[in-house]
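Each chain is listed here by its residues.
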Amino acid sequence: MSKQPIDKITTPQTVVIISNFILGIGILTLPRTVTEKVKTPDGWITIILGGIIAILVAFIMVKLAGRFPGKSIFQFSKEITGKWIGAIISLCIILYYMALASFELRAMSETTRLFLLQGTPNWAIILPFIWVGLYLITGGINPIARMFEIIFPVTVLFFLLVMFLGIKVFEVDNLRPVLGMGLGPVMKGLTTTSLSFVGFEIIMIIFMFMKEPNRAMKATFIGLIIPLVFYSITFVMVVGSLTVDGVVTQTWPVLTFIRSFEIQGLLVERFDSLLLVVWIMQLFATFSVCYYAASLGLSQMFKKNINGFIYGLAPLIYIVSMVPKNINEMFEMGSMIGNFTLYFFSSVPVLLLLITLIRGKKS
Amino acid sequence: MKRRRKLLRNEEQQIESNEETILSCSDELSGDLSIDLGFIHQEIGQNSDVHVRELRIGPRNIKAAIIFIDGLCDLGQINNNILSSLMSVEDHECRDNELQPPLKELITAHKLSVGKVTETTSIKTLTTDIMIGYVGLLVDGMCEAFLLDVAQAKTRNIEEAQSEPLVRGPRVGFVENLSDNTALLRNHGKTQDLTIARFQVGSRIKKDLAVVYIKGIVNPELLEEVKQRIQKINIDDLPESGYVEQLIEDNQYSPFPQIQNTERPDRVMSALLEGRVGILLDGTPFALIAPVTFNMFLQSPEDYYERWIPGTLIRMLRYLATFIALFGPSLYIAFSSFHQGLIPTKLAISIASSREGVPFPPLIEALIMEVSIEILREAGLRLPKPVGQSLGIVGGLIVGEAAVQAGIVSPIMVIVVAVTAISSFTLPQYSIGITIRFLRFVVMLLSAIYGLYGVVLFFLLLCSHLVKLKSFHVPYLSPAVPYQLNDLKDFLIRAPLSMMKRRPKFMHTQDDKRK
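Just so you know, the protein sequences line up as chains A and B, in that order.
Residue numbers for the first sequence follow our numbering, beginning at 2 and rising by one.
Residue numbers for the second sequence follow our numbering, beginning at 3 and rising by one.
If you are wondering where the hints come from, they were derived from the structure by calculation, not from laboratory data.
None of the values given here were measured: they were computed from a predicted structure.
Take these hints with a grain of salt, some might be off.
What the hints assert, rightly or not - If you anchor each label on the Cβ, the simulated ranges turn out as follows:
| no. | chain 1 | residue 1 | chain 2 | residue 2 | range |
| --- | --- | --- | --- | --- | --- |
| 1 | B | Ile160 | A | Lys305 | 52 to 62 Å |
| 2 | B | Leu322 | A | Asp8 | 38 to 48 Å |
| 3 | A | Lys305 | B | Lys126 | 39 to 49 Å |
| 4 | B | Gly343 | A | Leu162 | 48 to 58 Å |
Unchecked claim - Part of the chain A face toward chain B, derived, beta carbon under 7 Å:
| no. | residue |
| --- | --- |
| 5 | Asp8 |
| 6 | Glu80 |
| 7 | Leu118 |
| 8 | Gln119 |
| 9 | Gly120 |
| 10 | Arg147 |
| 11 | Arg271 |
| 12 | Phe285 |
As the list claims (entries may be wrong) - With a straight-line Cα cutoff of 27 Å, these simulated DSSO-like cross-link-like pairs (lysine-lysine) come out:
| no. | chain 1 | residue 1 | chain 2 | residue 2 |
| --- | --- | --- | --- | --- |
| 13 | B | Lys126 | B | Lys209 |
| 14 | A | Lys9 | B | Lys472 |
| 15 | B | Lys472 | A | Lys212 |
| 16 | B | Lys209 | A | Lys212 |
| 17 | B | Lys507 | A | Lys305 |
| 18 | A | Lys9 | B | Lys126 |
| 19 | A | Lys219 | B | Lys126 |
| 20 | A | Lys212 | B | Lys515 |
| 21 | B | Lys209 | A | Lys9 |
| 22 | A | Lys9 | B | Lys515 |
Positions of the beta carbon are idealized from the N, C-alpha and C atoms, including for glycine.
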């Protein structure tokens with residue numbers, strides 16, 4: 002346990018943290034990653050199914066966390082499986098969050114370099130970003146939650162606005178036929194879309210901060226529904242405008258889609274870079290939660306004050322983010338993290354819950 | 003040595019018994035007028051403005067003296083209500099050479115026609131109170147002195163608040179006198195729940211300070227916190243309420259003001275009704291309101307005095323102006339030197355052509371103009387009004403025009419700077435205006451380095467700071483975050499009054515409903 006008093010977050014704040022965490026760099030590539038697997042315009046069905054799977058897994062996590070009120074997974078995994086296995090589980094999660102933080106940083110930096118700051122070195126973009134994140138998370142969970150409450154409406158409204166500005170290049174025919182090849186291809190993309198919802202596992206950590214833990218289920222549900230709607234809208238708009246073949250060839254299909262139309266008569270003409278600018282805030286949210294979760298995990302594992310770990314992690318995260326040599330290696334890193342998530346978070350919570358259930362019956 | 007001790011002993015024996023007590027405890031009054039006067043003389047006699055007027059009461063010629071400070075007391079009252087009535091004690095009042103009723107009662111109950119009379123036996127209290135404007139009355143044979151309040155404070159007339167003028171609203175502003183100010187508040191809100199608690203602050207120069215709140219609304223924990231912080235103030239003098247503000251605020255390293263200051267009683271009153279606490283300091287017309295949230299600095303009482311539609315629109319206009327005042331020049335720098343592709347081509351071309359011949363990059367260009375406009379504003383502020391106006395014309399119009407003609411800055415830059423400056427004037431509070439002006443330079447530098455990314459970085463940093471900031475345990479960005487649906491009625495919009503039936507939730511007031 003950290004020595005600081007435990008702050009409490011409200012239910013809307015929980016929703017916002019979950020949604021903000023899920024919506025990260027993934028949404029900018031989602032239409033491509035899904036379509037690569039599905040190869041038909043039915044990706045939106047895959048997204049919805051993936052979302053449902055994510056919600057089911059999230060429910061297991063909430064059930065698990067609900068059995069240990071006031072404790073995070075770093076603490077209750079130890080109680081369930083014993084000191085050593087619990088420590089390994091915690092360490093895995095901490096490493097996962099560190100890697101994810103680094104990945105988000107690097108992805109942010111790469112897109113910024115591509116669209117806004119050509120020729121600026123990665124370190125120059127990443128370092129100040131880490132500093133701002135560090136400054137925020139030293140305040141604890143409450144400022145983080147409040148920060149997200151600012152970021153969330155700004156980014157979400159702007160994103161939706163830009164999406165709907167593209168309505169004039171949108172063609173419904175590009176999405177037809179629905180289920181033309183049957184359900185087979187839809188199922189192929191299920192892993193990808195489920196993975197796009199990664200982030201909801203944060204509930205096992207922030208559950209301990211909730212003011213009303215009995216509403217955790219509802220909060221997680223809404224927190225997942227928001228990105229689900231978001232993903233669906235994005236996919237429909239992007240694939241509807243760029244067609245299946247067009248989407249697959251683009252690295253950042255969402256940004257390409259926005260680039261494909263120009264709005265005359267406004268102060269700003271092109272919205273792709275502007276969207277990216279606003280989306281940097283969303284990436285900041287994802288990054289700072291990862292950073293905070295990793296620090297919190299370490300502080301709870303070693304039972305020391307969190308601040309030391311926050312400062313200590315900053316250079317580590319920076320170094321890891323500089324490991325990929327180019328954008329392709331960065332995407333590889335992303336899929337490695339994704340694979341880990343898939344196997345780890347689909348099995349461990351279920352196992353933990355089973356063990357608690359069996360033990361609970363014994364006693 | 004021996005001889006001296008003997009001498010001393012002889013002297014001691016001569017002194018009367020009651021005087022012995024004086025020596026052992028020199029703070030007490032002796033009752034002997036000449037001795038007491040001697041002590042008082044020792045304490046404050048060196049001051050040339052201390053007046054001692056000796057007199058005799060009644061036909062028995064009881065010795066008495068009044069002591070007062072020149073200029074602090076009302077001479078008319080001293081003459082009419084103290085001197086003349088004491089001197090006119092008549093024969094029939096001293097039957098059989100005995101005063102009937104006893105002297106003390108005669109003086110306090112029959113003779114002194116002064117509103118506030120207190121008694122004291124301590125020389126120290128006596129002298130300190132005389133120094134702040136009381137009249138001290140000593141009577142031979144009495145161990146108590148009277149302190150008469152005939153203070154004549156030098157105050158100015160009640161005028162409109164200079165720093166917060168309104169088109170519609172009461173034309174009343176606080177003055178420098180604390181009791182006038184508390185009276186103004188009482189006048190403004192005639193409720194017995196309005197509580198005024200007095201404190202003394204300042205270790206050397208004692209100043210009166212009043213903590214005002216409404217009983218039954220204010221959160222007791224908040225009140226306790228305010229009182230505790232005030233009692234912790236340890237400084238020799240507090241010339242202005244800004245001292246109090248700086249000594250009790252939460253984070254002294256933040257650029258944002260965490261306590262609001264105002265000259266308007268109506269503003270204080272409405273804050274009190276929201277469950278906040280007001281702090282008034284003697285000697286300044288600026289009252290403090292705590293805790294404060296960011297949006298309060300962007301609100302004007304007029305938002306509420308006007309109907310809700312104009313109130314809402316004007317408020318939104320102010321938010322927009324704040325945004326421009328903060329980000330205007332930095333967005334210009336970002337768009338003109340980093341992201342020309344983002345703005346319409348024609349605009350980009352016209353910016354580029356207007357910048358033709360300008361020898362500086364946009365950042366330097368912006369800095370030249372911004373710094374000179376800040377200098378201009380500061381100069382205009384410190385000069386007498388008529389001079390200030392002509393300075394504005396010379397500085398703003400002539401220099402701006404000439405700078406463009408000379409090709410030092412581009413005309414678009416002048417527009418940007420002018421709009422930014424005007425926008426910053428819409429901020430109804432001076433203290434937040436300074437903050438915004440200062441932060442504008444920070445974001446300009448960041449945007450010169452990173453373009454739009456720098457602007458976003460600054461925004462994230464700013465928000466990170468603001469979400470961490472608290473004013474008396476209230477999050478600074480309430481009610482925007484944490485989300486509080488009910489309080490949002492009075493944030494970006496100003497809902498109709500009939501819809502605002504509850505006090506702000508984040509204040510945790512005792513009485514939630516506005517009845």
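Results for each hint:
1. Checked against the hint of 52 to 62 Å, the C-beta distance between isoleucine 160 (chain B) and lysine 305 (chain A) comes to roughly 60 Å, which is consistent with it.
2. A hinted range of 38 to 48 Å for the beta carbons of leucine 322 (chain B) and aspartate 8 (chain A) is inconsistent with their spacing of about 33 Å.
3. Taking the beta carbon of each, lysine 305 (chain A) and lysine 126 (chain B) are about 55 Å apart, not inside 39 to 49 Å as hinted.
4. As the Cβ distance of glycine 343 (chain B) to leucine 162 (chain A) is approximately 20 Å, the hint placing it in 48 to 58 Å is violated.
5. Violation of the interface hint for aspartate 8 (chain A) is found here, the shortest Cβ-Cβ separation to chain B being roughly 11 Å, above the 7 Å cut-off.
6. Restraint check, glutamate 80 (chain A) versus chain B: the minimum CB separation of about 31 Å is more than 7 Å; hint violated.
7. For leucine 118 (chain A), the suggested interface contact is upheld, since its CB lies about 6 Å from the closest CB of chain B, less than 7 Å.
8. Hint status for glutamine 119 (chain A) relative to chain B: violated, with the closest Cβ pair at about 10 Å, above 7 Å.
9. The beta carbon of glycine 120 (chain A) comes no nearer than 11 Å to any beta carbon in chain B, farther than 7 Å, and the hint placing it at the interface is violated.
10. The beta carbon of arginine 147 (chain A) comes within 4 Å of a beta carbon in chain B, closer than 7 Å, and the hint placing it at the interface holds.
11. Hint status for arginine 271 (chain A) relative to chain B: holds, with the closest Cβ pair at about 5 Å, below 7 Å.
12. A distance limit of 7 Å between C-beta atoms decides the matter here; for phenylalanine 285 (chain A) the minimum to chain B is near 5 Å, and the interface restraint holds.
13. Proximity of lysine 126 (chain B) to lysine 209 (chain B) is assessed by CA-CA distance (about 17 Å); at most 27 Å being required, the pair is judged to hold.
14. Under the criterion of a C-alpha separation no larger than 27 Å, the hint pairing lysine 9 (chain A) with lysine 472 (chain B) is consistent with the structure, at around 16 Å.
15. This hinted pair checks out: lysine 472 (chain B) and lysine 212 (chain A) have alpha carbons roughly 20 Å apart, not beyond 27 Å.
16. With a C-alpha separation of about 44 Å, the suggested pairing of lysine 209 (chain B) with lysine 212 (chain A) is violated against the 27 Å cut-off.
17. Distance check on the hinted pair: lysine 507 (chain B) and lysine 305 (chain A) sit about 35 Å apart at the alpha-carbon level, beyond 27 Å; violated.
18. Straight-line distance between C-alpha atoms of lysine 9 (chain A) and lysine 126 (chain B) comes to about 53 Å, which puts the hinted pair past the 27 Å bound.
19. Among the hinted pairs, lysine 219 (chain A) with lysine 126 (chain B) is inconsistent with the structure: their alpha-carbon atoms are about 69 Å apart, more than 27 Å.
20. In summary, the hint linking lysine 212 (chain A) to lysine 515 (chain B) is supported, as the alpha carbons are separated by about 24 Å, within the 27 Å threshold.
21. Note on lysine 209 (chain B) and lysine 9 (chain A): the hinted pairing is violated, with a Cα-Cα distance of about 41 Å set against a maximum of 27 Å.
22. Distance check on the hinted pair: lysine 9 (chain A) and lysine 515 (chain B) sit about 26 Å apart at the alpha-carbon level, within 27 Å; holds.
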